[in-house]
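Enquirer: Protein chains in written order, with my numbering: chain A, -6 to 238; chain B, 227 to 490.
The set of hints was computed from the structure by calculation and includes no laboratory data.
Keep in mind that the hints are not guaranteed to be accurate.
To be verified - Here are the simulated EDC-like pairs of lysine to aspartate or glutamate, each with C-alpha atoms no more than 20 Å apart in a straight line:
#, chain 1, residue 1, chain 2, residue 2
1, A, K147, A, D111
2, A, K124, B, E316
3, A, K60, A, D(-4)
4, A, K126, B, D360
5, A, K126, B, D314
6, A, K25, A, D161
Source: prediction; values computed, not measured.
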Amino acid sequence: MSDAVLAIEQLGFQYGEKPVLSDISVSLQQGKYYALLGPNGAGKSTLFSLICQLLRPLSGSLHIMGKNTQQHTRFALKQLGIVFQQSTLDLDLTVAQNLGYHASLQGMPGAITRQRIDEELTRFGLADRAKDKVRALNGGHRRRVEIARALLHKPRLLLLDEATVGLDQNTRDAMNTHLRELCDIEGITILSSTHLIDEVKPNDELIVLLKGKIKLQQRCKEAMAALGVETVQQLYRQMHVSEER
Amino acid sequence: MVYFTCFLGILTRELLRFWQQRSRLISALVRPLLWLVVFAAGFRAALGVAIIPPYETYITYEVYIVPGLAGVIMLFNGMQSSLSMVYDREMGSMKVLLTSPMPRSFLLVSKLLAGAFISTLQVYAFFVIAWILDVQAEPIGYLVVLPALVLTALMLGALGLLLSSFIKQLENFAGVMNFVVFPMFFLSSALYPLWKMQESSEWLYQLCLFNPFTHAVELIRFAMYSQFNAQALAVTLSCTIAFIGLAIWGYDPKRGMVRRKVGG
Chain A
-6 MSDAVLAIEQ LGFQYGEKPV LSDISVSLQQ GKYYALLGPN GAGKSTLFSL ICQLLRPLSG
54 SLHIMGKNTQ QHTRFALKQL GIVFQQSTLD LDLTVAQNLG YHASLQGMPG AITRQRIDEE
114 LTRFGLADRA KDKVRALNGG HRRRVEIARA LLHKPRLLLL DEATVGLDQN TRDAMNTHLR
174 ELCDIEGITI LSSTHLIDEV KPNDELIVLL KGKIKLQQRC KEAMAALGVE TVQQLYRQMH
234 VSEER
Chain B
227 MVYFTCFLGI LTRELLRFWQ QRSRLISALV RPLLWLVVFA AGFRAALGVA IIPPYETYIT
287 YEVYIVPGLA GVIMLFNGMQ SSLSMVYDRE MGSMKVLLTS PMPRSFLLVS KLLAGAFIST
347 LQVYAFFVIA WILDVQAEPI GYLVVLPALV LTALMLGALG LLLSSFIKQL ENFAGVMNFV
407 VFPMFFLSSA LYPLWKMQES SEWLYQLCLF NPFTHAVELI RFAMYSQFNA QALAVTLSCT
467 IAFIGLAIWG YDPKRGMVRR KVGG
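This is chain A alone, in the form it adopts within the complex (with noise of 0.2 Å):
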């Protein structure tokens, strides 16, 4: 347990009655990219939420870096960057000013907040753009925006909750590319949530999850080859199918 960057043993939680997550057990290795399958309402949201703390599990544990996230709270949301699905930037303060707030949530000094705002600016090519409303910015560098504000404190783990949904199909290639570039260089671990297939590589690990279970954790060409598939979509259309039958 004391390497994964976020192990999660037995998790469950449920709305009212309703279970949304049974049994969840999961294991993330530093440095790798982790993408979560599942169709609208397979928890996947609920799951980040357990994660970034939201919500409070009903059944079992999470640790991030060996850590209980309940008992560690700070150290675990310190450990954190996170991209939520609905878009969580102050549309009328400047892309400075909102990775600005953010840097001071994390008690981040100003010397070091201003030198991490430039360089994380000039990585997602917004140097230029630091001054600017975030309403004047397109739905891609808003994206962008919302990736470097969650780089800023240098997390461990990266999650993104279907974090290129409604982006055109070039800035989602070019923001793929670079989420792994970030896995390889800088050794974050990132958890992924989408329901968009075609964004899983072969060599990225993948989760699925079908009705609050994880039905597959495995790197994706294993996956793939264990069950006799040449592409990710025929992989989930076939656990798909199993799961309904």
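Here the structure of chain A is known, so what remains is to put chain B in place on it, guided by the hints.
Expert: Relative to the frame of chain A, chain B by itself:
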């Protein structure tokens, strides 16, 4: 230092947002100024004000309602911040605050303090206009009243925060205006002294006494005349602490403030 940095960030954001929405200041001032200029002119003759503490002589109706209108600015501001919390929650931006590694109680109190700071600024802007309109208190009163204003703003902000934790949708907010804001406003000493209310109806008078806003207004009124009202302070302070405690409880993830909001 980390806590101070975080608080400063929250305060800066609230100030920037307030600056971006300057119409908020104008609308916050228009309402009490209408009461002060139009309503007071019409009711001056009808509502004679006897000599009651803290006043030592007969006063005009305009002078009487200034502390109440200061309270009204903060009451509406508290509800406005509640509305913006519900909006932030619906839009998802509340999650940015709630996933900060700082303690949640600290984050919520910081947000309250930032809101109280903005409310107090608005009240002083109102005092300046009232002064220009020749509705004046003793100059020292404007300084002495500062802690009373901050405490009142905190109490009303905390009430707004508490309400926002229970309001499921933005559409439900109209109910807050009908069932919280207007009753608190009219069942208080903001517009008329309570003895007038007692003359008309004993049970309405008792309701006014039960209303924490009445005590907040009296705290402001006495402080503006450099006097201290212990009962008003005790009620306002107790309600502030209770509302803050309940609001923090309302935003506890065990209760699942965002339960209805996650989906997926």
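Enquirer: Now tell me, hint by hint, if it's right for this structure.
Expert: Against the structure, the hints:
| no. | hint | in the structure |
| --- | --- | --- |
| 1 | K147(A) x D111(A) | holds, 14 Å |
| 2 | K124(A) x E316(B) | violated, 27 Å |
| 3 | K60(A) x D(-4)(A) | holds, 11 Å |
| 4 | K126(A) x D360(B) | violated, 42 Å |
| 5 | K126(A) x D314(B) | holds, 18 Å |
| 6 | K25(A) x D161(A) | violated, 25 Å |
The structure fails hints 2, 4 and 6 (numbered hints given earlier, in ascending order).
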